[in-house]
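A.B. asks: Chain by chain, the residues run as shown.
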Amino acid sequence: MSAAGPVIPSFGRGSACVTGDHAFCWGWVRDHWGDTLEPHLVQHVELTLVAVSAGFAIAFSLALLAHRLPAIEHPIAIAAALVYTVPSLVAFQILVAFSGLSNATVEIPLTGYSLVILYPNVVAGLRAAPAEVLEAARAMGLRRRQILWRVELPLAVPAIIGGLRVAVVSTVAIGTVASLVGDRGLGYPILYALRLPTPFRTEIYAAGALVVVLALGFDLVLVGARRALVRWAR
Amino acid sequence: MGALRVVFDSADAGTFLAGFGFVVHHAGFLAHKAVEQLELSGAALGVGAAAALPLGVALGHLHRGANVAIAASILGRALPSILLIAVFLTVLGVGFLDNMCALAVLATGPMLTNAHDAVDGVEREVVEAARGMGMSRLQVLARVELPLAAPLLFTGIRVAAVTVVATAPIAAIAGGGGLGDVIVNQASYRLQGVLGACYCVMALSAGVWLALLGLQRALTPRPLRSRRVLGAGDERRELT
Amino acid sequence: MIRKHTRRAAKAAFAVSLGVAIVLGLGAGAARPSPRMGPAIVIGTKNFPEEYILGELYAQALKAKGFTVTNKGSLGSTELIQTALTSGKINFYPEYTGVIVQDVFGRKFSGPTARATYEKARSLEASKGFTLLAPTPFSDTDVVAVTNATAKRYGLRSIGDLKKVGAYAFAGFPECQTRNTCLVGYESVYGIGRPTFVPLASISAYTLLDQGKVLAADVFSTDPPLAKPSKYTVLADPKHVTGFQNVAPVVKTSVVRAAGPTFTRTVDTVSAKLTLAAMIAMNKAVEVDKQSPAAVAHAFLQANGLL
Numbered sequence: 001m002s003a004a005g006p007v008i009p010s011f012g013r014g015s016a017c018v019t020g021d022h023a024f025c026w027g028w029v030r031d032h033w034g035d036t037l038e039p040h041l042v043q044h045v046e047l048t049l050v051a052v053s054a055g056f057a058i059a060f061s062l063a064l065l066a067h068r069l070p071a072i073e074h075p076i077a078i079a080a081a082l083v084y085t086v087p088s089l090v091a092f093q094i095l096v097a098f099s100g101l102s103n104a105t106v107e108i109p110l111t112g113y114s115l116v117i118l119y120p121n122v123v124a125g126l127r128a129a130p131a132e133v134l135e136a137a138r139a140m141g142l143r144r145r146q147i148l149w150r151v152e153l154p155l156a157v158p159a160i161i162g163g164l165r166v167a168v169v170s171t172v173a174i175g176t177v178a179s180l181v182g183d184r185g186l187g188y189p190i191l192y193a194l195r196l197p198t199p200f201r202t203e204i205y206a207a208g209a210l211v212v213v214l215a216l217g218f219d220l221v222l223v224g225a226r227r228a229l230v231r232w233a234r
Numbered sequence: 001m002g003a004l005r006v007v008f009d010s011a012d013a014g015t016f017l018a019g020f021g022f023v024v025h026h027a028g029f030l031a032h033k034a035v036e037q038l039e040l041s042g043a044a045l046g047v048g049a050a051a052a053l054p055l056g057v058a059l060g061h062l063h064r065g066a067n068v069a070i071a072a073s074i075l076g077r078a079l080p081s082i083l084l085i086a087v088f089l090t091v092l093g094v095g096f097l098d099n100m101c102a103l104a105v106l107a108t109g110p111m112l113t114n115a116h117d118a119v120d121g122v123e124r125e126v127v128e129a130a131r132g133m134g135m136s137r138l139q140v141l142a143r144v145e146l147p148l149a150a151p152l153l154f155t156g157i158r159v160a161a162v163t164v165v166a167t168a169p170i171a172a173i174a175g176g177g178g179l180g181d182v183i184v185n186q187a188s189y190r191l192q193g194v195l196g197a198c199y200c201v202m203a204l205s206a207g208v209w210l211a212l213l214g215l216q217r218a219l220t221p222r223p224l225r226s227r228r229v230l231g232a233g234d235e236r237r238e239l240t
Numbered sequence: 001m002i003r004k005h006t007r008r009a010a011k012a013a014f015a016v017s018l019g020v021a022i023v024l025g026l027g028a029g030a031a032r033p034s035p036r037m038g039p040a041i042v043i044g045t046k047n048f049p050e051e052y053i054l055g056e057l058y059a060q061a062l063k064a065k066g067f068t069v070t071n072k073g074s075l076g077s078t079e080l081i082q083t084a085l086t087s088g089k090i091n092f093y094p095e096y097t098g099v100i101v102q103d104v105f106g107r108k109f110s111g112p113t114a115r116a117t118y119e120k121a122r123s124l125e126a127s128k129g130f131t132l133l134a135p136t137p138f139s140d141t142d143v144v145a146v147t148n149a150t151a152k153r154y155g156l157r158s159i160g161d162l163k164k165v166g167a168y169a170f171a172g173f174p175e176c177q178t179r180n181t182c183l184v185g186y187e188s189v190y191g192i193g194r195p196t197f198v199p200l201a202s203i204s205a206y207t208l209l210d211q212g213k214v215l216a217a218d219v220f221s222t223d224p225p226l227a228k229p230s231k232y233t234v235l236a237d238p239k240h241v242t243g244f245q246n247v248a249p250v251v252k253t254s255v256v257r258a259a260g261p262t263f264t265r266t267v268d269t270v271s272a273k274l275t276l277a278a279m280i281a282m283n284k285a286v287e288v289d290k291q292s293p294a295a296v297a298h299a300f301l302q303a304n305g306l307l
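Protein chains in written order, with the numbering used here: chain A, 1 to 234; chain L, 1 to 240; chain R, 1 to 307.
It should be emphasised that the hints constitute simulated quantities derived from the structure, not laboratory data. Treat the hints with care, as some may be off.
Derived Cβ-Cβ restraints for the label pairs, each shown as a range [said to hold, decoys possible]:
{"hint": "1", "chain 1": "R", "residue 1": "Pro238", "chain 2": "L", "residue 2": "Ala27", "range": "36 to 42 Å"}
{"hint": "2", "chain 1": "R", "residue 1": "Ser230", "chain 2": "A", "residue 2": "Gly5", "range": "49 to 55 Å"}
{"hint": "3", "chain 1": "R", "residue 1": "Lys152", "chain 2": "L", "residue 2": "Glu39", "range": "50 to 56 Å"}
{"hint": "4", "chain 1": "L", "residue 1": "Ala218", "chain 2": "A", "residue 2": "Gly34", "range": "56 to 62 Å"}
{"hint": "5", "chain 1": "A", "residue 1": "Gly217", "chain 2": "R", "residue 2": "Ala236", "range": "52 to 58 Å"}
Just some of the chain A residues that point at chain L, by a computed CB distance under 8 Å [unchecked claim]:
{"hint": "6", "residue": "Gly187"}
{"hint": "7", "residue": "Leu194"}
{"hint": "8", "residue": "Pro197"}
Computed from a prediction, not measured in an experiment: that's the story for all the values here. Just so you know, even glycine gets a beta-carbon here, dropped at the ideal spot from N, CA and C.
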């Protein structure tokens with residue numbers, strides 16, 4: 001067993017900017033992009049994509065079902081509204097009691113919120129086809145399923161993309177709350193920096209900027225997608 | 001089945017029921033926290049209203065700034081509350097003020113959008129008829145546009161109020177107090193405490209919603225009560 | 001005319017999004033490295049910097065010796081990490097001896113000495129199928145701190161001196177109000193005047209002390225702001241009300257057996273190097289100089305020939 005004490009190396013003093021608590025330290029951002037900012041950014045992107053994809057898949061299925069059976073549209077809408085009344089922090093904590101600190105705890109509420117935003121949009125989109133066009137399609141002898149795929153869905157694209165834009169931006173924002181139940185996403189660097197003996201502004205501003213940029217980035221991608229899809233539909 | 005077990009291994013009906021037990025045992029403490037939360041929310045709502053309502057009404061009256069209203073609602077959705085709280089804390093220091101400002105920013109979105117849309121959406125013929133009768137712009141605003149815009153406008157206030165009350169727990173990370181103090185302090189209060197406080201937050205939000213709805217009904221002049229303008233405001237409710 | 005592309009594109013998009021969701025959602029948690037030497041060690045830590053550093057220290061040292069290690073990082077509070085341990089999600093985490101005795105097993109008092117506390121914790125854990133490996137030299141206990149100006153103003157040197165202040169604000173985590181190693185102990189053993197308790201959530205007690213929002217705060221002995229020369233004065237605790245909190249890794253006994261003597265030796269060697277000075281220096285590097293816990297752990301292990 002070692003008798004002497006340990007060697008305590010110098011860990012590299014933080015730059016004057018960091019220890020002096022200046023407003024923003026580019027040096028720190030450069031040095032810690034790889035070990036702090038980028039991993040959390042990737043986690044946040046993943047978080048968002050999984051929740052919105054799953055939410056979209058479920059919303060789409062439910063909307064198609066409601067399109068066929070109008071009777072269930074209202075009950076589904078009410079159920080959706082109920083989900084929406086649960087604040088995000090509360091939802092995450094309730095899920096912690098269910099599934100501990102796993103991906104499911106974070107993804108289930110986020111999927112729920114996406115679903116709730118997307119469902120009305122898909123339903124509204126499916127209704128967007130003007131009556132005359134539907135008449136014409138039926139007159140041409142198209143069956144119900146063909147009308148759905150060839151007429152109603154393409155016309156629903158703008159509403160669906162509109163819904164996706166809202167859902168994605170919301171999810172990016174709500175995803176930051178998820179960091180209160182685990183080290184996941186861009187909310188975590190913000191929380192961590194807030195808890196230090198002196199709140200570390202650079203980390204807060206850097207992570208915050210990434211969140212805003214991420215939301216805007218997704219939004220632009222979707223706007224581009226809508227343009228492309230609408231052009232195809234012509 | 002193994003996958004489901006992995007996901008739901010902590011599922012315990014006991015913990016959920018224990019949450020209710022916590023509420024019963026610590027009713028006084030939780031009530032005190034709830035009042036704290038309402039104080040913070042009320043202040044934030046007031047400040048937000050003071051900023052958003054005059055601006056929204058003015059823009060709607062002039063039929064300008066539709067983009068501003070849309071931008072306000074988009075920003076309201078996109079700005080994470082945690083970020084707002086953190087940024088205000090670095091600027092204003094710890095305390096009531098910084099949390100109030102962060103929540104006020106969240107409150108302005110729905111109120112600005114709805115105020116603008118409500119006044120903007122009053123039927124042109126009615127406005128023109130009133131002008132034709134010789135009313136000044138201000139009289140038209142006060143006696144015609146505002147009463148007709150009231151339902152949608154109030155809905156905006158109601159949505160903002162519930163948004164603020166539901167988001168206030170997050171302010172606990174910056175010393176905001178309220179039920180959030182329990183929810184973010186799972187280490188101290190354990191899961192049942194956190195769940196108990198969660199139930200209280202949901203009850204509080206529902207209570208605020210119903211109270212404001214009742215107030216709105218009571219204040220709406222009888223002839224306008226049949227107008228049900230509920231749809232537009234609800235979809236814009238934020239959760240962050 | 002509506003093109004066929006759109007229909008196919010819609011179907012494809014739907015299928016892809018569903019597929020992405022399923023794959024990412026389920027796959028994300030399921031990665032399992034194939035064991036190279038002994039069983040897979042899965043480490044978890046609590047959610048504050050000192051624990052992150054400890055997790056990295058043990059993880060990196062074990063990896064260097066050829067063990068298969070996954071560091072799951074911050075898992076939350078004592079309650080949550082215990083759930084993760086007992087449910088098998090992790091099989092290794094660094095815990096504090098006093099916390100084991102008083103929080104995990106609910107005993108009222110820990111022990112009169114550091115050694116006694118450790119032995120008690122070890123036997124309690126053993127009864128549940130967990131092995132407590134060797135303890136660190138450093139102990140991270142609650143301490144009461146005031147600013148230097150406050151200490152001078154009221155002549156405060158030990159916790160009992162707070163009686164002289166009268167009415168004041170005292171900050172601490174909420175559980176401090178119910179702990180024998182905290183407020184309950186301070187009040188019953190020393191008497192500390194009439195404090196109004198200000199619960200902490202996320203903001204550091206030091207921020208509150210600096211901004212004058214509270215007069216005294218319950219903080220921890222390895223906090224970097226307490227390193228000399230410090231802006232704060234730590235009040236003495238002559239009767240050891242705060243107990244003993246050396247760190248010792250809690251590991252599932254079956255894993256210890258399967259991993260063999262090299263495992264135990266590696267972990268114990270790391271623990272032996274963790275003196276109070278070392279821990280404070282590492283905490284400072286992370287919390288004040290804003291280095292990452294992984295880099296700090298790496299530097300320490302390398303300097304001490306453990307990598």
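A.B. asks: For each hint, tell me whether it holds in the structure or not.
C.D. replies: Here is how each hint holds up against the structure:
{"no.": "1", "hint": "Pro238(R) - Ala27(L): 36 to 42 Å", "in the structure": "holds, 40 Å"}
{"no.": "2", "hint": "Ser230(R) - Gly5(A): 49 to 55 Å", "in the structure": "violated, 21 Å"}
{"no.": "3", "hint": "Lys152(R) - Glu39(L): 50 to 56 Å", "in the structure": "violated, 37 Å"}
{"no.": "4", "hint": "Ala218(L) - Gly34(A): 56 to 62 Å", "in the structure": "holds, 59 Å"}
{"no.": "5", "hint": "Gly217(A) - Ala236(R): 52 to 58 Å", "in the structure": "holds, 55 Å"}
{"no.": "6", "hint": "Gly187", "in the structure": "holds, 5 Å"}
{"no.": "7", "hint": "Leu194", "in the structure": "holds, 5 Å"}
{"no.": "8", "hint": "Pro197", "in the structure": "violated, 13 Å"}
In the structure shown, a violation is registered for the earlier hints numbered 2, 3, 8, in ascending order.
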